[in-house]
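A.B. asks: Each chain is listed here by its residues.
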Amino acid sequence: MTPVPQSPQYVELHCHSAYSFLDGVSLPDELAARAAELGHVALALTDHNSVSGSMEMAQAAQECGVKAIHGAEIDLAGDRSEIGQHITLLVRDERGWANLCRIITLAHAHTRDGPARRDAGEPSVALEQVLERAGGLVCLTGCAGRSVVIDRSARRSPSAGAGRSADRSAGRFPIGGGGGGAVDEAVARRLLEAFGSESLRVELQRPYARHDRARNRALSALARRLQVACVATGNVHAHAPCRAELQDAFVALREHSTLDASEPLRRGNHSHVLSTPAAMASRFADHPEAVAETLVLAEQLAFDLTKDLGYRYPGAEDRRAGRRLSELCAARLEDRFRSSSGRARALARLEEELAVIRKLGLAGFFLLHHDMLELAREVAVEVRGRESVRGLLAPGRGRGSSVSSLVCYLIGLSHIDPIANELALGRFLHEDLRGLPDIDLDFPRDVREVLIPRVHDRYGRDCAALVAAFPTFRARGAIRELGKVLGLPAASLERLARGAEIHYAPDRGHDAPEHGPISDRSVLDGGAPEAEAAVAPTSSPRWRWLERLVGEAYGLPRHLSQHPGGMIVATRPLIDCCPVVPAAMEGRQMVQWDKDSCADAGFLKIDLLGLGMLSAVERCVEEIARVRGERIDLSRIPYDDPDTFAAIRTADTVGVFQIESRAQMQSLRRTQPANLSDLTVQVAIIRPGPIQGGAVNPYIERRRRLREDPGFEIPYDHPALEGVLADTLGTIIFQDQVMEVAEVFAGFGAGEADGLRRAMSRKRSAEMLARHRERFIEGAQRHVGADARTAERVWQMVEGFAGFGFPKAHSAAFGLLAYQSTWLRVHYGPELLCALLNEQPMGFYAPDSLVHEAAHRGIEVLPLDVNASQVQCAVQGSAVRLGLGYIKGAASAEVQALVAERERGGPFTSLADLASRSGAARGALEQLAWSGACWPICWPISDRRSICRPISDRRSPAGEDGRRAALWQLGIAVPAATAGEGTQLSLPLGLGRAPRLPKLGRWQRLIADYATSGVTVSDHAIAILRPRLRVPGRDAVSLATSAQLPRLPSGCAVAVAGLVIARQRPGTAKGTMFLLFEDEWGTVNLIVSAVVYERHRHLARAEPLLLARGRLERAEGVINVIVRELAPLERYLAPDADGPLDASAQASVHPLRPPAGAETAAEAPAESDAATADSNAAEVGSSMRAVAPPVTSFAMGRRR
Amino acid sequence: MPNSTSIPLHLPRPARVRTATADHRSASRSASGAPVEVDGRQVAQVRESWLVEDRWWTERPLRRRYWEVVTGCGRNIVVFRDLEPAGRWFVQR
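In order, the protein sequence lines correspond to chains A and B.
Take my numbering: the final residue in the first sequence is number 1217, and no numbers are missing along the way.
Take my numbering: the final residue in the second sequence is number 103, and no numbers are missing along the way.
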């Protein structure tokens, strides 16, 4: 829509964005763009107790040519009534901004008080505190529903007791007395005294509710008595009519209600949509002076948030910082490069870097980071203990582009030698740099947990805070929440949510999107293209509205959260620059801006990130020291270990850092990495940037050609590219190569090249990239004489990189950790497995998959045992024992108390003993019993001896592990009870012997394992079910196990049965889905084309047990099944009457036999077990759906 | 024994309403679409007007423009016009 040129008649001074969280449905950039279209010259953003959207509004409005006015609608804490009142504050100048930030900080200060800290309370601030900070602010008297100058006692709304809900519904609180004007003049006069007549306006609104005119007449009369002006506002909550209904749905959602039940709480109409200035002027035809006042006031509000906020980071103005940094670096360089051949190069590089740092005035910036790391060093000693083998490791390590800096290396911010690794500095630091460079630091989780509050203390709680983050509405959550609001059945919603498109990216305009995230039209049309997809057989308008609302809500911020580790520190109180609010975690606080807004504000953000793998390797070396007495210093391990590289080349990498995913493992077999440099490329290659830039296949192909023919010449697109793309064989794999190509090929300056890189990472990259394209093509022709086609081809490579990619320095840092973790896996398998299990959630595989994979490598994993398990998993002998911390539903304090009591008083001798001594509540005891952890104490002493055999065969003579009996007995035990601050233990009364209970079958044990701990160490689900599999027709002969696939001919028809352990549908795959099946022998990769995916959407997205038919494809050691059809496995299970099926199972699997070693193992799971067939087919499916282990799936990063 | 069927009270009943045209607006300063005559009674004053948009998620969405008017004989009447489907007027107590 073209902007409507017209003379301004009205300025909107009261507008909520989605940062009012469930009371606003548009992003600031949508509001700014729409305002420009409608002919507004200025727009004020006044979110509830928040300026979270202000910087975004400032930036967007600047682009649209609209003046941004900043403010907030503040909730006042009143002691006179149960519902707070509102005032609208607008910022006149810098002082006003600082005061607004302080007022909002005060409003949130108490929101995390008390034990329920995780659930934020409602912010509010006392009127007195606002009046004390009136300077630089303009006060409007508040919205129609909750104006501070309307006397609450005179209101006569039936919903006045509805709490927060009613308040935000404009026009629900008419003034009594037939419009006589029950205004609170006393409060109005207090406002007048504090703000003065020049900064106080009586706010008139016309939300087309009953009594509007009476109220406005009364408010006008009040203004005349006070001798202040009235101002008209629209209380906007949506930028366009298509979003209006979402506001109604949000009100219901906010109030935990439904649309049908929340009528009294809603606005009643859609007059809260941004309208044209002319329409607004017409709306206030009775009050033309209030309309004119909007223009007068807007002219006076001159504060520009894009200008200097007065922020400085500690050390920014330290004149001696440059000298101190030089001295520090010089001393460290002497140590690190004393005998190194790279000393001369290091000296030259240091000079170069220090010169750039001096020019940019960033010495204090580096010293601040150094100081932060020294603080981390103190914390690490404290957390790890002085004697711990972990003390050999650095407190943290750098990631990202900063790793390329020699200064960072020397002052301890990076552990990668940039000279030896030939890392270019440009991406991180160059003379044309605008803003501040990024330094990200990784820490083990436990160190980071202590470090963050310590940083608050070091720099002062006024001057240090975390960066905020805004989780956004995504398809699944929106379907669940908005579906509930629409009153739709929960079961259907759940099914629909699980099948929803995660990567849905709406092309939202002012009209509803044609297709929303629910692209399975069958649900909405009431049809069912596949038998199992009959989710919601209805064509009711509610389902249609669900799709529309989900599409509209997608991407809107849901609530305020904290960034994983970004911290802001400042010399002056941060609360003068941005409100600071308490975070959910004790001892933490955060600013109200996310990382983009902080960057736009010029804040120095230090990323203190928690890296699970760093924690895992530290735990691993600690466990090695405990178990084997060896002290491992990971910085001194051999970096050319043949066994480690052999494991990497055969993709024997489950559980290691970065190179463990399905895609990475397939790539490893083809690229055959031979050293750390290769690994650096490997870490970076499976990323959207290289994939979209078309770098992956050429790189892999050229590596193969080079292996076969060392004389193979790399085909560069242009000779000028050879220097910068030699390491990656003529392809762009690293983000910094984009900059280097732009410089050497198109003649970009360093700053210009960095601008191109930034354009790739910003939200509206497409528009900005288009501007760079022209410059690039023209530059290439002029700079290196490239012809237009070559220039265009190289640009395509660059442009393709607009997706996410790693800088080389970051890849080098991650590649090193990938190597170190693989080295640990190869040489200390049980210890690494144990560490991984203890650091969950992390990595690509769920604990259950890690356990199964370890079993294939011969690492024994021992089950839960109340008398042998620690709180965490631990290496016992050569095996790994699961920790009691894995029991779901048992509080960590209960588990710790149980283990402590066992260590104090000796092993538990019976279930009664356990119930009386452990202090665990009934729920925890039942989970322990059902998990099988009580098996050693389930039987009388005389029986127990007979079952004490190897753990892998830990059943009673009847094959039972006593779970039902234990559950029965603990059911009559009296558990401990919490009393005051302690626990009242129960008496050790004997428990009656359990009656004869039906045996638990193998399947039931498996389900019990998953239900209680999420991990099973006994039979695999497919091993239990395979004997019952009946696949009819030709598919019967093609049913193959994962062990058989490598020996089948490429192109043959196969059918595979598996437990789904990973589902990925990356945005780069054009609708293709990748599934990873696990069976009793290993894993199978499956490729589901977009067409097949659409046919089997619900199965592919949500079903844990599947049978896939398709074609085997094998190339370069990589095996895939190209799926033709998916089906739920339960469809092919024979009835239980068939009993043991060893012989018939053999007949129904593929005629090829599994490998010799595997075959012996195959016989164990296929043991005769009458109880195997304890569940009918439908029960198998439903029971597994209820407890299936978590599945890895791709998800887009958070977007605001 | 109480009757299980409740009897709804104050149901809207159809009304004959004549609205302001451009001429009327200039003469009576009424807003566009405002009633100037209800069931044959002249409207002396429009006291209030409001808008209800609700039930949009159901098969019977509701969009009404309400007017509270005082007739020449002093009666206070609330009338509304259905905007979806457009056209019909009702009077409601």
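Don't take every hint at face value.
[What the hints assert, rightly or not] According to the in silico footprint, chain B covers these stretches of chain A (three or more CB under 8 Å from chain B):
1) 274-284
2) 823-832
[Claimed, not checked] Over 12 Å on every C-beta distance to chain B, these chain A residues come out as not near it, computed from the model:
3) ASP130
4) ALA261
5) GLU262
6) HIS287
7) SER288
8) SER557
9) PRO558
10) ARG559
11) PRO590
12) ALA743
13) ARG810
[Said to hold, decoys possible] Ranges of calculated distance between the beta carbons of each label pair, as one might list FRET restraints:
14) A:GLU306 with B:GLY84: 31 to 37 Å
15) B:ARG65 with A:ASP474: 33 to 39 Å
16) A:THR1089 with B:LEU21: 41 to 47 Å
17) A:ARG206 with B:ASP92: 54 to 60 Å
18) A:GLU210 with B:ALA96: 37 to 43 Å
Simulated from the structure, these hints should not be mistaken for laboratory data.
Note that CB positions come from ideal geometry on N, CA and C, so glycine has one too.
A.B. asks: Run every hint past the structure and note whether it holds.
C.D. replies: Do the hints match the structure? See the list:
1. 274-284: holds (count 3)
2. 823-832: violated (count 0)
3. ASP130: The assertion about A:ASP130 holds, with a minimum of 38 Å to chain B.
4. ALA261: violated (8 Å)
5. GLU262: Label violated. Min Cβ-Cβ 6 Å, cutoff 12 Å.
6. HIS287: About 5 Å separates A:HIS287 from the closest Cβ of chain B, which leaves it inside 12 Å; violated.
7. SER288: violated (6 Å)
8. SER557: Contrary to the label, A:SER557 does not stay out of reach of chain B, its closest Cβ about 7 Å off (not over 12 Å).
9. PRO558: violated (6 Å)
10. ARG559: violated (6 Å)
11. PRO590: Check passes; 46 Å lies beyond 12 Å.
12. ALA743: holds (61 Å)
13. ARG810: holds (52 Å)
14. A:GLU306 with B:GLY84: 31 to 37 Å: holds (32 Å)
15. B:ARG65 with A:ASP474: 33 to 39 Å: violated (55 Å)
16. A:THR1089 with B:LEU21: 41 to 47 Å: Check failed, 59 Å falls outside 41 to 47 Å.
17. A:ARG206 with B:ASP92: 54 to 60 Å: The hinted range 54 to 60 Å is violated for A:ARG206 and B:ASP92, with Cβ atoms some 46 Å apart.
18. A:GLU210 with B:ALA96: 37 to 43 Å: Hint violated: Cβ distance 51 Å, outside 37 to 43 Å.
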